[in-house]
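J.: Chains as they are written, first to last, in numbering that gives the first Met the number 0: chain A, 0 to 340; chain B, 0 to 340; chain C, 0 to 340.
In short, the hints are calculated from the structure, not lab data.
One should not assume that every hint holds.
Copies of one chain are not kept apart here, so a pair can be met inside one copy or by any two copies together.
[As the list claims (entries may be wrong)] Taking lysine to aspartate or glutamate and the EDC-like style, the derived pairs with C-alpha atoms no more than 20 Å apart in a straight line are:
#, residue 1, residue 2
1, K295, E332
2, K310, D280
3, K336, D34
4, K295, D124
5, K192, E76
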Amino acid sequence: MARSLGELAAQFGCELIGDPAVTVTGVATLSSAGDAHISFFANRRYRDELRTTDAAAVILAHADAGDCPASALIADEPYLVYARVARELHPPPALTAGIHPSAVVAASAVVADSAEISANVTIGDHVRLGENVFVGPGVGVGPRCVVGDDTRLLANATLVQDVSTGARCIIHPGAVIGSDGFGNARSENGWIKVPQLGGVSIGNDVEIGANSTVDRGTSDDTLLEDGVRLDNLVHIGHNVRVGAHTAMAACAGVSGSTVIGKRCMLAGRAGVVGHVTICDDVVVGGATMISKDISKPGFYTGSFPGEADRKWKQKVAQFRRLGELADRVSNLERSAKGGDK
Amino acid sequence: MARSLGELAAQFGCELIGDPAVTVTGVATLSSAGDAHISFFANRRYRDELRTTDAAAVILAHADAGDCPASALIADEPYLVYARVARELHPPPALTAGIHPSAVVAASAVVADSAEISANVTIGDHVRLGENVFVGPGVGVGPRCVVGDDTRLLANATLVQDVSTGARCIIHPGAVIGSDGFGNARSENGWIKVPQLGGVSIGNDVEIGANSTVDRGTSDDTLLEDGVRLDNLVHIGHNVRVGAHTAMAACAGVSGSTVIGKRCMLAGRAGVVGHVTICDDVVVGGATMISKDISKPGFYTGSFPGEADRKWKQKVAQFRRLGELADRVSNLERSAKGGDK
Amino acid sequence: MARSLGELAAQFGCELIGDPAVTVTGVATLSSAGDAHISFFANRRYRDELRTTDAAAVILAHADAGDCPASALIADEPYLVYARVARELHPPPALTAGIHPSAVVAASAVVADSAEISANVTIGDHVRLGENVFVGPGVGVGPRCVVGDDTRLLANATLVQDVSTGARCIIHPGAVIGSDGFGNARSENGWIKVPQLGGVSIGNDVEIGANSTVDRGTSDDTLLEDGVRLDNLVHIGHNVRVGAHTAMAACAGVSGSTVIGKRCMLAGRAGVVGHVTICDDVVVGGATMISKDISKPGFYTGSFPGEADRKWKQKVAQFRRLGELADRVSNLERSAKGGDK
Numbered sequence: 000m001a002r003s004l005g006e007l008a009a010q011f012g013c014e015l016i017g018d019p020a021v022t023v024t025g026v027a028t029l030s031s032a033g034d035a036h037i038s039f040f041a042n043r044r045y046r047d048e049l050r051t052t053d054a055a056a057v058i059l060a061h062a063d064a065g066d067c068p069a070s071a072l073i074a075d076e077p078y079l080v081y082a083r084v085a086r087e088l089h090p091p092p093a094l095t096a097g098i099h100p101s102a103v104v105a106a107s108a109v110v111a112d113s114a115e116i117s118a119n120v121t122i123g124d125h126v127r128l129g130e131n132v133f134v135g136p137g138v139g140v141g142p143r144c145v146v147g148d149d150t151r152l153l154a155n156a157t158l159v160q161d162v163s164t165g166a167r168c169i170i171h172p173g174a175v176i177g178s179d180g181f182g183n184a185r186s187e188n189g190w191i192k193v194p195q196l197g198g199v200s201i202g203n204d205v206e207i208g209a210n211s212t213v214d215r216g217t218s219d220d221t222l223l224e225d226g227v228r229l230d231n232l233v234h235i236g237h238n239v240r241v242g243a244h245t246a247m248a249a250c251a252g253v254s255g256s257t258v259i260g261k262r263c264m265l266a267g268r269a270g271v272v273g274h275v276t277i278c279d280d281v282v283v284g285g286a287t288m289i290s291k292d293i294s295k296p297g298f299y300t301g302s303f304p305g306e307a308d309r310k311w312k313q314k315v316a317q318f319r320r321l322g323e324l325a326d327r328v329s330n331l332e333r334s335a336k337g338g339d340k
Numbered sequence: 000m001a002r003s004l005g006e007l008a009a010q011f012g013c014e015l016i017g018d019p020a021v022t023v024t025g026v027a028t029l030s031s032a033g034d035a036h037i038s039f040f041a042n043r044r045y046r047d048e049l050r051t052t053d054a055a056a057v058i059l060a061h062a063d064a065g066d067c068p069a070s071a072l073i074a075d076e077p078y079l080v081y082a083r084v085a086r087e088l089h090p091p092p093a094l095t096a097g098i099h100p101s102a103v104v105a106a107s108a109v110v111a112d113s114a115e116i117s118a119n120v121t122i123g124d125h126v127r128l129g130e131n132v133f134v135g136p137g138v139g140v141g142p143r144c145v146v147g148d149d150t151r152l153l154a155n156a157t158l159v160q161d162v163s164t165g166a167r168c169i170i171h172p173g174a175v176i177g178s179d180g181f182g183n184a185r186s187e188n189g190w191i192k193v194p195q196l197g198g199v200s201i202g203n204d205v206e207i208g209a210n211s212t213v214d215r216g217t218s219d220d221t222l223l224e225d226g227v228r229l230d231n232l233v234h235i236g237h238n239v240r241v242g243a244h245t246a247m248a249a250c251a252g253v254s255g256s257t258v259i260g261k262r263c264m265l266a267g268r269a270g271v272v273g274h275v276t277i278c279d280d281v282v283v284g285g286a287t288m289i290s291k292d293i294s295k296p297g298f299y300t301g302s303f304p305g306e307a308d309r310k311w312k313q314k315v316a317q318f319r320r321l322g323e324l325a326d327r328v329s330n331l332e333r334s335a336k337g338g339d340k
Numbered sequence: 000m001a002r003s004l005g006e007l008a009a010q011f012g013c014e015l016i017g018d019p020a021v022t023v024t025g026v027a028t029l030s031s032a033g034d035a036h037i038s039f040f041a042n043r044r045y046r047d048e049l050r051t052t053d054a055a056a057v058i059l060a061h062a063d064a065g066d067c068p069a070s071a072l073i074a075d076e077p078y079l080v081y082a083r084v085a086r087e088l089h090p091p092p093a094l095t096a097g098i099h100p101s102a103v104v105a106a107s108a109v110v111a112d113s114a115e116i117s118a119n120v121t122i123g124d125h126v127r128l129g130e131n132v133f134v135g136p137g138v139g140v141g142p143r144c145v146v147g148d149d150t151r152l153l154a155n156a157t158l159v160q161d162v163s164t165g166a167r168c169i170i171h172p173g174a175v176i177g178s179d180g181f182g183n184a185r186s187e188n189g190w191i192k193v194p195q196l197g198g199v200s201i202g203n204d205v206e207i208g209a210n211s212t213v214d215r216g217t218s219d220d221t222l223l224e225d226g227v228r229l230d231n232l233v234h235i236g237h238n239v240r241v242g243a244h245t246a247m248a249a250c251a252g253v254s255g256s257t258v259i260g261k262r263c264m265l266a267g268r269a270g271v272v273g274h275v276t277i278c279d280d281v282v283v284g285g286a287t288m289i290s291k292d293i294s295k296p297g298f299y300t301g302s303f304p305g306e307a308d309r310k311w312k313q314k315v316a317q318f319r320r321l322g323e324l325a326d327r328v329s330n331l332e333r334s335a336k337g338g339d340k
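This is chain A alone, in the form it adopts within the complex (with noise of 0.2 Å):
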């Protein structure tokens, strides 16, 4: 889809340094982009490839202008614009409405005439698919599952049971949503199963990322709010709730009926024990683990950089000799009080 910049910067509110004229067909990297294309500035590290780009224009904030070789498209929030542009450079692909042949639909299901269901489908009973939902090669959506407008179910993603869906969230391939919690009760003979009776409830433009798994509730549903973004491989616990606009980067995990603020961030292999609140807008560090409630917004860590393996195990040889040396300051002091009589 070609858009002239002149367009582009109407449409988005930019001011443009350059000819209004020039047309761009798609968005690249700075390095990568050729003169059909846009690309945008917004990370510090890559200011040598500004320099050095042959894009036709570049989306960047007002003190960058002056490195930009290229027309500039000028804006508080670069990145957001260049999300934006690319939106309107590079629609998803239309659906093909239908059934494929190959996909097997209950007789309870109903589907919308505008949904587009691929091969090797498996819909089971009272599922609702509403209109241009796309589900991919190999997806299983099982019985009671409804799915909200223009929702994407992509290839070999699995809708457990009771999973309701809002309108154009994004489920990504392999993950599994509404599979059981993992609650067992310990008895004299091992454990005993709870049954999961809840489902996952799921706002609109919620998007669940590759191998994800979001387990069903125990008795009421796990409920993750509109516009909640989850990486891939990240574990969302039975009963969790998880507010409006909250991220979790990959590996992310949430234990059992915790519940997750509002505009939370929650970065790369950060997790959350089970049973706690976490209010709204806050961070979590990567590689962390918080373990009690949190009622202060704020960014919170707790893990260590790696290091020059030499070094750290100074460091934890150390640490782990901390008593001994609070004991020596301990008898310093006493010493010291000695002297003073």
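Given the coordinates of chain A, work out where chains B and C should sit on it, guided by the hints.
T.: What follows is chains B and C alone, placed relative to chain A:
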């Protein structure tokens, strides 16, 4: 399924405070239960919910009965009794015996007449599926796998090859059992793959969570004994042995050739390195990495809880100067000794 | 496949201690091997098993030959020779060329006659599958993917779109290659998805483990060079480049736009943040998070081994009082200086 409180009290050995003729039809949480539900109280965090519940009855310990506004089933282990009551009121759905026409079953496979094989399933050569086995949509069962009676393989799970399960197991959606172990020998020209020739041997009543992976052994079998419970996104390396009734929460991982004892518990994201031995009755805390043999039952940890970033960074900075601090203490000690002269 | 010890010694350049006419038909571990098996010894933990093995022969280093009760193949790198012997004795199963009738192959796809396409596979538009490619049950291969000769895509794996692989790769079950990168721009109304327009480019002899995920690039391709080995449940973010012969153990993760050098090794659960560069020949310890560029080859760590909970909690408490301890040392130093006056 409806049961009177009198029947439940008698069946599960509880004292009943309330009317034995009252009937319940399902379980629910304290806060969502209505007058046809029975609930439970086992975590003091939820005492307010107990005091205001609309449930017909609550399963709880004797000491908590005073806070219960409804009928009470008194139990020493309320959660365990709840699990049993929930199973009584909510039995799993009955199977529909037979092989869906879209399923592909090898001629050499043997499938019990009572088994249910769903749509788009693929069953390989020399597979044997026992009585009342359920195979969900999109499941692949590879060569020479043997699945015990009443076992359930849920949607899009994969048994790669040479996997045997006992009776009453549940393999959750997307789980991969019997994949190649990570065996690579370094050569001058890169890694040489070591053929993985063993299988996976799984006992009775084992549950493996969504998108978890269990590799088959290099020569012998990887082994999960009776009653093992694995949550979602758990990794079990090749040649590992997991003792009976051991449970691992989400994102836990065990590297190759490690032996884990019976009745162990690994919390979320706990890990165990390869080639070590953990004795029976070991509990590993969340996000803890076990790197040596453990020969004494007990609770083991090694992770820091996250906290406000500024405070954490101060501590990390102090940690980095630990060597310097120890030197300063040594200097003080030397001066003090000098002063003693 | 049967081979004499004499043949194996000659083929793999080993000194043979024992009868060259003895024949072996397979490999096995020291403890399970019988008189038709060859085994290996490379980890001193298993010396007792060496001394009592019933194997016909053992591959080991010269220094260990005295402990071997069987014939011995002497090798400088016993594990490497074992890998080669195992491949010789246990070649992968031959393919059955052809497309299963239940597979759905787009008209625009090109599939080599020698390829084997299993049941319930879906092959999308403009896909090309090379000679002797194996596609397992339930696999989905999306638009424009290109799969090199002798590559194996195992059950329920997904190549989403625009993925190309070299020759002799193995994509294990449930792996998802080419999923959307986690690109989101924050707006006042929540996250705006950044279209992910690149692909994934995979070299020769690459192996990707079960349920691992490799996102495609935002504009350019995510890149895995020749000989890369990823274990299970590994995450590779968009735009990442992984150098040749780098290996990552289970649950490792690399965030977006990071560059990893050649011949690196990431142990289990190691992680690398986004937008950093790691040079060649770096080894990262288990559960270590790398948060900065590394420009010097070597071994890097940053994790604590788990220990008895009581002892660990004492250390954590001392760690939390490190600031106070440093203050006490400063006070002592001031007093000492004062005393010097």
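J.: Going back to the hint list, which numbers does this structure go against?
T.: 1, 3 and 4
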